[in-house]
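Please construct the entire structure, taking both the sequences and the accompanying hints into account.
Protein chains in written order, with my numbering: chain A, 1 to 218; chain B, 1 to 218; chain C, 1 to 218.
These are computed hints drawn from the structure, not numbers from a lab.
In this text, all values refer to a predicted model and were calculated from it rather than measured experimentally.
Warning: the hint list may mix true and false statements.
[As the list claims (entries may be wrong)] DSS-like, lysine-lysine: derived pairs with alpha carbons at most 30 Å apart:
| id | chain 1 | residue 1 | chain 2 | residue 2 |
| --- | --- | --- | --- | --- |
| 1 | A | K33 | C | K33 |
| 2 | C | K33 | B | K33 |
| 3 | A | K33 | B | K33 |
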Amino acid sequence: MFHDLFPPGIQHALDLAGIFVFATAGALLAVRKNFDVFGIVVLALVTALGGGLFRDLVIGAVPPAAFGELSFFVTPLVAAGIVYFLHPEVQRINRAINVFDAAGLGLFCVTGTTKAYEYGLGLTASAALGVATAVGGGVLRDVLVNEVPSLLRDREMYAVPALVGATMVAVFISMHSLNAITTGLAIVTTFVLRLLAMRYHWRAPLAWNRRSSVAEEP
Amino acid sequence: MFHDLFPPGIQHALDLAGIFVFATAGALLAVRKNFDVFGIVVLALVTALGGGLFRDLVIGAVPPAAFGELSFFVTPLVAAGIVYFLHPEVQRINRAINVFDAAGLGLFCVTGTTKAYEYGLGLTASAALGVATAVGGGVLRDVLVNEVPSLLRDREMYAVPALVGATMVAVFISMHSLNAITTGLAIVTTFVLRLLAMRYHWRAPLAWNRRSSVAEEP
Amino acid sequence: MFHDLFPPGIQHALDLAGIFVFATAGALLAVRKNFDVFGIVVLALVTALGGGLFRDLVIGAVPPAAFGELSFFVTPLVAAGIVYFLHPEVQRINRAINVFDAAGLGLFCVTGTTKAYEYGLGLTASAALGVATAVGGGVLRDVLVNEVPSLLRDREMYAVPALVGATMVAVFISMHSLNAITTGLAIVTTFVLRLLAMRYHWRAPLAWNRRSSVAEEP
Numbered sequence: 001m002f003h004d005l006f007p008p009g010i011q012h013a014l015d016l017a018g019i020f021v022f023a024t025a026g027a028l029l030a031v032r033k034n035f036d037v038f039g040i041v042v043l044a045l046v047t048a049l050g051g052g053l054f055r056d057l058v059i060g061a062v063p064p065a066a067f068g069e070l071s072f073f074v075t076p077l078v079a080a081g082i083v084y085f086l087h088p089e090v091q092r093i094n095r096a097i098n099v100f101d102a103a104g105l106g107l108f109c110v111t112g113t114t115k116a117y118e119y120g121l122g123l124t125a126s127a128a129l130g131v132a133t134a135v136g137g138g139v140l141r142d143v144l145v146n147e148v149p150s151l152l153r154d155r156e157m158y159a160v161p162a163l164v165g166a167t168m169v170a171v172f173i174s175m176h177s178l179n180a181i182t183t184g185l186a187i188v189t190t191f192v193l194r195l196l197a198m199r200y201h202w203r204a205p206l207a208w209n210r211r212s213s214v215a216e217e218p
Numbered sequence: 001m002f003h004d005l006f007p008p009g010i011q012h013a014l015d016l017a018g019i020f021v022f023a024t025a026g027a028l029l030a031v032r033k034n035f036d037v038f039g040i041v042v043l044a045l046v047t048a049l050g051g052g053l054f055r056d057l058v059i060g061a062v063p064p065a066a067f068g069e070l071s072f073f074v075t076p077l078v079a080a081g082i083v084y085f086l087h088p089e090v091q092r093i094n095r096a097i098n099v100f101d102a103a104g105l106g107l108f109c110v111t112g113t114t115k116a117y118e119y120g121l122g123l124t125a126s127a128a129l130g131v132a133t134a135v136g137g138g139v140l141r142d143v144l145v146n147e148v149p150s151l152l153r154d155r156e157m158y159a160v161p162a163l164v165g166a167t168m169v170a171v172f173i174s175m176h177s178l179n180a181i182t183t184g185l186a187i188v189t190t191f192v193l194r195l196l197a198m199r200y201h202w203r204a205p206l207a208w209n210r211r212s213s214v215a216e217e218p
Numbered sequence: 001m002f003h004d005l006f007p008p009g010i011q012h013a014l015d016l017a018g019i020f021v022f023a024t025a026g027a028l029l030a031v032r033k034n035f036d037v038f039g040i041v042v043l044a045l046v047t048a049l050g051g052g053l054f055r056d057l058v059i060g061a062v063p064p065a066a067f068g069e070l071s072f073f074v075t076p077l078v079a080a081g082i083v084y085f086l087h088p089e090v091q092r093i094n095r096a097i098n099v100f101d102a103a104g105l106g107l108f109c110v111t112g113t114t115k116a117y118e119y120g121l122g123l124t125a126s127a128a129l130g131v132a133t134a135v136g137g138g139v140l141r142d143v144l145v146n147e148v149p150s151l152l153r154d155r156e157m158y159a160v161p162a163l164v165g166a167t168m169v170a171v172f173i174s175m176h177s178l179n180a181i182t183t184g185l186a187i188v189t190t191f192v193l194r195l196l197a198m199r200y201h202w203r204a205p206l207a208w209n210r211r212s213s214v215a216e217e218p
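As C-alpha cells, this is what we get:
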C-alpha cells in the first residue's frame, strides 16, 4: 500500500536484530526479579514488541507486525529460551547487552519513524512516534514489574539519542534523501550517542533551580 | 463480515458468563483495597473487558465489543453492584469465585482465539492473542492497583491452562474440526487444568539453576 | 466523514485549552517527583493526550488527533517548557491549577462524548468513552509514576462530575438538542460540580458496611 523507503529485506533484518536484543534485556530483568518461566517469556515479548505494537495501533496497521509476522513473535521466544538456560553467562556479558540495547534503540527509532511516515503521519508526528517505538517496550516492561520507568527517573539520556536519530530521519525524508546510507547514518549516530552517554555518564538536567536534595521522595 | 465458527448466540452467552465472573473478581479486589464505589466499578470494568478490548484493538475490530455491545458494558456494572452490597457474602464464597474465574479463563481463551482467527490472524498469532484475551484483564487490574501482575509473580500456572486451551482451538481450526463439541472440549480442558493447578499447587519453574533464595527482592 | 455536532473552530479551541491545563498538571507532578527535563515532557504529553489517544484508538480514528494535529502535540511541549522554568510560581498558584483542571475535565468529557457519537458509538458507550477521555490521561500519568491512580483511591469524586457532563451530552443528543448552548451547559455543570466537590470535600462512599478501619492496606 505504501512506497517502502528502503528495501524490505534489510528493514526486516534490522527489526529482528532490535527485537532480539530488547527481548534479551527483558528476559534478564525477569530472571533478576525471580519470575517463573512464563514471566520470563512475557517480559521478553513485551519489551521487544511493545513499542512496535503501540506504533502500529496508532498508525492503524492491522494486524500489527507483532501479530502479523511470525518471526517477530518467535524471536523473543528464542531470546527467552537462551536466557532461561544461560542467564549467568548472559548477565556476565552485561556490558555487551548494553551495547546491543543501544543498537536496538538506533534500529527502532529509525524504522519506527520511517513506518509512521509511510502510513501518512506528518514529519514531527513520525519522529515522535519513532521515539515512542524505541522506548515504548522498555516503559511497558518497567510498568509491569512495578517500577517507575527508568526513562523518567534515571536521568540517563536514554531518549535523547533516539530523538536525534528520529529527527535525522525526518530531515532526510523532507530533503528527499532518505536512502540506505542516510538511514545507516541515523542508526549509527543514535548508537554512538547512546554509548557515549553511558561511557561518560551524561545526565539530563532537572527542572530549572531544582536540586536533588529537595526531592519529595526518599 | 466473517464466517462465524460457532453460533453467535452461544458465543454471546459464553462471553457474558466470562465477563461476569471476571468483573466479580475485580470488584472484590477493589473492596479489599478499600476503593470507593467508583473504584469498584472501574476495576470491575477493566478486569472484565480489558483483555477483550486489547484483542479488538489488535485485530482492528471497530468499535471493540466492550463499547459496541451494551450487554458487555452493563454486565460488569451488575457484578459491581452485587459486590458493593453483598461483598462479605461474596468473599465467603471465595472458592466459588475461583471456580468461576477458571471458567472465565477457559471461555475467554477459546473465544479470543476464535475471534482473532476470524479477523485474519495466523494460527500461532490467534492462539497468542487468545491467551492475551484471557489474562489481559487481570494484568491491567493488577497494574492499576499498583502490584506486579500475579501472572508474572505467583508461579501459579495461570497462563498455562489458557495456553493449552488456545492451542487446542488452533489445532482444531487447522484440522477443520472446530465445532460446538471441540470448542466445549477446549473450554473444559482449560477449566479442569486450572482447577487442578490450584488444587495441587502446581508451580511453574524458575529460571534454570535459580533458587528463590537468590532473589534480588525482599 | 461525520457531521460535526458543533463548529470545528470552537471544538479545537476547547481541546487546546483542556490539553494545556492537563499538561501543566502532569509537568508539575514530574517536577515534584524530581524527574529530569525529558520526564517532565513525557508526563505532560501523557497526561494531556492519553485520554484522547485511548478514545481515538477505540473509535478507530486514524491517525489519532494526538498524532494528526500538530497543535495538540506542541501545546504540551509549551506547558512543559513553562513549568520547567517557572515551577515555583506555578506551584504557588496550585489552586488556580485545580480550577483549570476542573475546566479540562468538563471540556474533555463533553468533546470526548461528542466525538465518540460522531464515530458511530451508541449513546451509553459514547458517554462512557467521554468519561474515559476525561480521566484517562490522569490514570496513565499515575500508573507511570507508580502510584495507584488517584481516581481509584482518593474518594475525591473526580469522575462523578465527568459522568454527569457526559450523560447530559448523551441526553441532549438523544433529544436532538445538542448545540453551542447545551454543550456549554454540560461543560459548566461538570466544572462547577468538580469545584463544589473540592470546596466541600465531597467523598464517594466505600462499599456498603465497609469502614476505613478495616482496610487491608497500611
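* Asked: For which of the previously enumerated hints does the structure constitute a violation, in increasing order of number?
  -> Every hint satisfied by this model.
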